[in-house]
Amino acid sequence: MINFIRKRIQTGILTEKIETNNKLDNIKKGIKTLVNKKFAGSLAIRMVDSGSCNACEAECNALSNPYYNLESLGIYFVASPRHADILLVSGVLTSNMYHHLLEAKEQVPSLKWIITLGDCPLMQSVFEKTYAIMAPVQDHIEVTHHIPGCPPQPDEIIKELLKFLKKI
Amino acid sequence: MRLIAKFAKDVENSFEIVTVFDTKTQKETIDKNTPIALSIAHKYPSALWYERKIFDDFGIVFTNSFDTRPLLHHERFPQDVHPLQKSFTAKTIEFTDFRPYKYKTVGGDGVFEVAVGPIHAGIIEPGHFQFSQDGERMLHLDIRHFYTHRGIEKMVQNKSLLDARAIVGRISGNESVAYQTAYMDIISQASNTALPVEIKSYHALLLEFERLIHHVSDIGFIPNDAGFSAALSFASKLAEDSRRIFKQLTGHRFGFDAVSFKIPNFNHQEFLNFLNELHKEIKWFETWIKGVPSLWDRFDTTGILTHTKAVKYDSVGVMARASGVALDRRDNDFYKQHGFKIALQTSGDVAARFSLRIMEIYNSIEMMKSLLQDIKPLHVKVPVKFNNGSYQTFIESSIGELFMSVDVSGGLIDRFFVRDPSHVNWQVVHAMMLKDIIADFPLINKSCDLSYAGNDL
Ligand code: SF4
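Chain order of the listed sequences is A and B. Each residue of the first sequence is one higher than the one before, starting from 1 at the first, in the numbering used here. Each residue of the second sequence is one higher than the one before, starting from 1 at the first, in the numbering used here.
To be clear, the hints were calculated from the coordinates, so they are not data collected in a lab. Since the model is a prediction, treat every value here as computed from it, not as a measurement. Errors might be hidden in some of the hints.
Below, simulated DSS-like cross-link-like pairs (lysine-lysine); rule was C-alpha separation at most 30 Å, straight line [claimed, not checked]:
(1) A/Lys29 to A/Lys159
(2) B/Lys24 to A/Lys129
(3) A/Lys37 to A/Lys105
(4) B/Lys159 to A/Lys129
(5) B/Lys247 to B/Lys262
(6) B/Lys24 to B/Lys312
(7) B/Lys237 to A/Lys7
(8) B/Lys91 to A/Lys129
(9) B/Lys86 to A/Lys105
(10) B/Lys237 to A/Lys32
(11) B/Lys247 to A/Lys32
(12) B/Lys290 to A/Lys7
(13) A/Lys7 to B/Lys283
(14) B/Lys247 to A/Lys7
(15) B/Lys237 to A/Lys29
(16) B/Lys237 to A/Lys23
(17) A/Lys7 to B/Lys280
(18) A/Lys129 to B/Lys312
(19) B/Lys32 to A/Lys129
(20) A/Lys29 to B/Lys247
(21) B/Lys247 to A/Lys159
(22) B/Lys369 to A/Lys7
(23) B/Lys247 to A/Lys163
(24) B/Lys247 to A/Lys23
(25) B/Lys381 to B/Lys309
(26) A/Lys105 to B/Lys102
(27) A/Lys129 to B/Lys385
(28) A/Lys163 to B/Lys237
(29) A/Lys38 to A/Lys129
(30) B/Lys237 to A/Lys159
With the hints as extra help, turn the sequences into a complete structure.
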């Protein structure tokens, strides 16, 4: 334990050390202010993989690492759509996920927003239409905002979240 | 004999079933008018998913099978549609009425079921787990997947070998380099061109880098699922550092499209420094984590895959090696000369899989340092002519043995098949937890860290 505490102190706070320091810091400040104003300080996101390659998920997980520390801005990934404000959809919407996505969307309490993550949900990644794919997602549900990239990097996701918060 | 894969092809007037064992490959011709075949699942339980997939894809019935439930085709998928038949060309399907899927469950007084998925509580891929419970004890688990089934095999059919590269590299994001490397081997076989050793070493370096990042994230996520989140903070920092270096090297955080015909110029000394620093950090992590007894209390004897079961279910990769099965596709001269040592554990529990990952991190670092010496900026010509034929390859991905088979005809892909290590390993997961309680399941599942996307295709 003593070792751990020593290491902890030596390492310091990494969240400040990000290369794009000033720019990203400003964006983070913007997000925090808007989350406070529009969502009473806490914005809950439910992520649904509708047929992704799993890299988009990995980048969302990276948002919680000490460098990005998204939770410090009041943004949480929650365990159930019923706890969520936003449904974040990745993947090409497979026919096997279609009904589950609609169900998850139903379970999100109103007001609700849908954000698409990565090029897949818009059919803009390298995947092509087959019998098993139903994307573009916006043909089936109303999408408020899109985060492009294959996959979008964590810092890009953060920037896009600010755009979304300004938009609504 | 170990069953490696079983798949079918549509060859004009008949179907062909190919069964790949470690010592031989069998081919069987099936009449299209009476598409029936015999199941081998009684002897090789891991044949079950292959055979159920062959039925869904081609409509071939395995008459003596003990499980003929649909696999890829879920409740509303039209019956009698078999998309890998060449005559099927539609790009959409019409959903039918809901036909309930019959989960295999255990009955009895007080026994109840817990249904989990396809959408899970964390940021994770979709899949369904149906537990039969006696209180907290798991009596049985029926796993159902293929929610992320995108129809990859059909998607790449009739594409030129080079055109399909970007798709193949995105089948399973965290194994991208493994898929790309396997596919690159197919390309060089089909074009009859041997890649120079520099390029081979560069690809091997990227593959070890991918494995390293996968393992480093896992050694954070596994303790996190046992409630020890400090490990996740520490390891996710190292994983993020590594991804950033991976991007400097390949231009992409996951190395998408990085396995190609050229080696970029990069600063070897800086890369070496990074590896040395990482080695130090992992050493610190290892000492620290080994000194947390409450964590090992959760890890030890949890989720045991016995050696017997691992062999019976043809398990591969990290899961097999943690149960004492010495199986690794890197076990050859090329890798040995760069310092490859097979990592083995015997207890087959979460602790074994966790410790095995740490052992492999060290070995990957050592191999990368050695591979680095073979690497210098280089550019070779991209092949343009491809010979007709059937090409197979094996790669050890960060999860385990990846098998790929591609038939080329007229320069185009006639049949693309890939068997992700996860496809085999998922089938043994139900046999690993009969002594555990349901609260241990996330931990057990994470310690295996199998791919859903690669499994589902
Ligand atoms: S957008 Fe790219 S990274 Fe994201 S799921 Fe699709 S292929 Fe994978």
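To see whether the hints hold, each was checked on the structure:
For a cut-off of 30 Å, the pair hint linking A/Lys29 to A/Lys159 stands: about 11 Å separates their Cα positions. Between B/Lys24 and A/Lys129, the direct Cα distance comes to roughly 36 Å. Violation of the 30 Å bound is thereby established for this hinted pair. With a C-alpha separation of about 24 Å, the suggested pair A/Lys37 and A/Lys105 falls inside the 30 Å cut-off, and the hint holds. For the proposed pair B/Lys159 and A/Lys129, the alpha carbon gap of about 14 Å is at most 30 Å, so the pair holds.
Using a Cα cut-off of 30 Å, the hinted pair B/Lys247 and B/Lys262 holds, with the two alpha carbons roughly 16 Å apart. Between the alpha carbons of B/Lys24 and B/Lys312 the distance comes to roughly 18 Å, so the proposed pair stays at or under 30 Å and holds. Note on B/Lys237 and A/Lys7: the hinted pairing holds, with a Cα-Cα distance of about 13 Å set against a maximum of 30 Å. A distance of roughly 6 Å separates the Cα atoms of B/Lys91 and A/Lys129; the hinted pair therefore holds under the 30 Å criterion.
Of the supplied pair hints, the one linking B/Lys86 and A/Lys105 is violated, its CA atoms being roughly 36 Å apart against a limit of 30 Å. With a C-alpha separation of about 23 Å, the suggested pair B/Lys237 and A/Lys32 falls inside the 30 Å cut-off, and the hint holds. Annotation: proposed proximity of B/Lys247 to A/Lys32 holds, straight-line Cα distance about 29 Å (limit 30 Å). Annotation: proposed proximity of B/Lys290 to A/Lys7 holds, straight-line Cα distance about 16 Å (limit 30 Å).
Only pairs whose Cα atoms come within 30 Å are accepted, and A/Lys7 paired with B/Lys283 is accepted, the gap being roughly 13 Å. Among the hinted pairs, B/Lys247 with A/Lys7 is consistent with the structure: their alpha-carbon atoms are about 27 Å apart, no more than 30 Å. Note on B/Lys237 and A/Lys29: the hinted pairing holds, with a Cα-Cα distance of about 22 Å set against a maximum of 30 Å. Among the hinted pairs, B/Lys237 with A/Lys23 is consistent with the structure: their alpha-carbon atoms are about 21 Å apart, no more than 30 Å.
Restraint check for A/Lys7 and B/Lys280: the C-alpha separation of about 13 Å stays at or below 30 Å, so the hint holds. The straight-line distance between the Cα atoms of A/Lys129 and B/Lys312 is roughly 38 Å, outside the 30 Å bound, and the hint therefore fails. A C-alpha spacing of about 27 Å is found between B/Lys32 and A/Lys129, which places the hinted pair at or below 30 Å, so the restraint holds. Proximity of A/Lys29 to B/Lys247 is assessed by CA-CA distance (about 27 Å); at most 30 Å being required, the pair is judged to hold.
With a C-alpha separation of about 19 Å, the suggested pair B/Lys247 and A/Lys159 falls inside the 30 Å cut-off, and the hint holds. At most 30 Å may separate the alpha-carbon atoms for a hinted pair to count; B/Lys369 and A/Lys7 meet this at roughly 27 Å. Between B/Lys247 and A/Lys163 the CA atoms are separated by roughly 25 Å; this keeps the pair inside 30 Å, and the hint holds. For the given pair, B/Lys247 sits about 21 Å from A/Lys23 by alpha-carbon distance, which is consistent with the 30 Å threshold.
With a C-alpha separation of about 47 Å, the suggested pair B/Lys381 and B/Lys309 falls outside the 30 Å cut-off, and the hint is violated. Simply put, A/Lys105 and B/Lys102 have alpha-carbon atoms about 26 Å apart, close enough for the 30 Å limit, and the pair holds. As the CA atoms of A/Lys129 and B/Lys385 are separated by approximately 27 Å, the hinted pair is consistent with the 30 Å bound. Restraint check: the Cα-Cα separation between A/Lys163 and B/Lys237 comes to about 27 Å, which is no more than 30 Å; the hinted pair holds.
In summary, the hint linking A/Lys38 to A/Lys129 is not supported, as the alpha carbons are separated by about 38 Å, beyond the 30 Å threshold. Pair hint B/Lys237 plus A/Lys159 holds up; C-alpha atoms about 21 Å apart against a cutoff of 30 Å.
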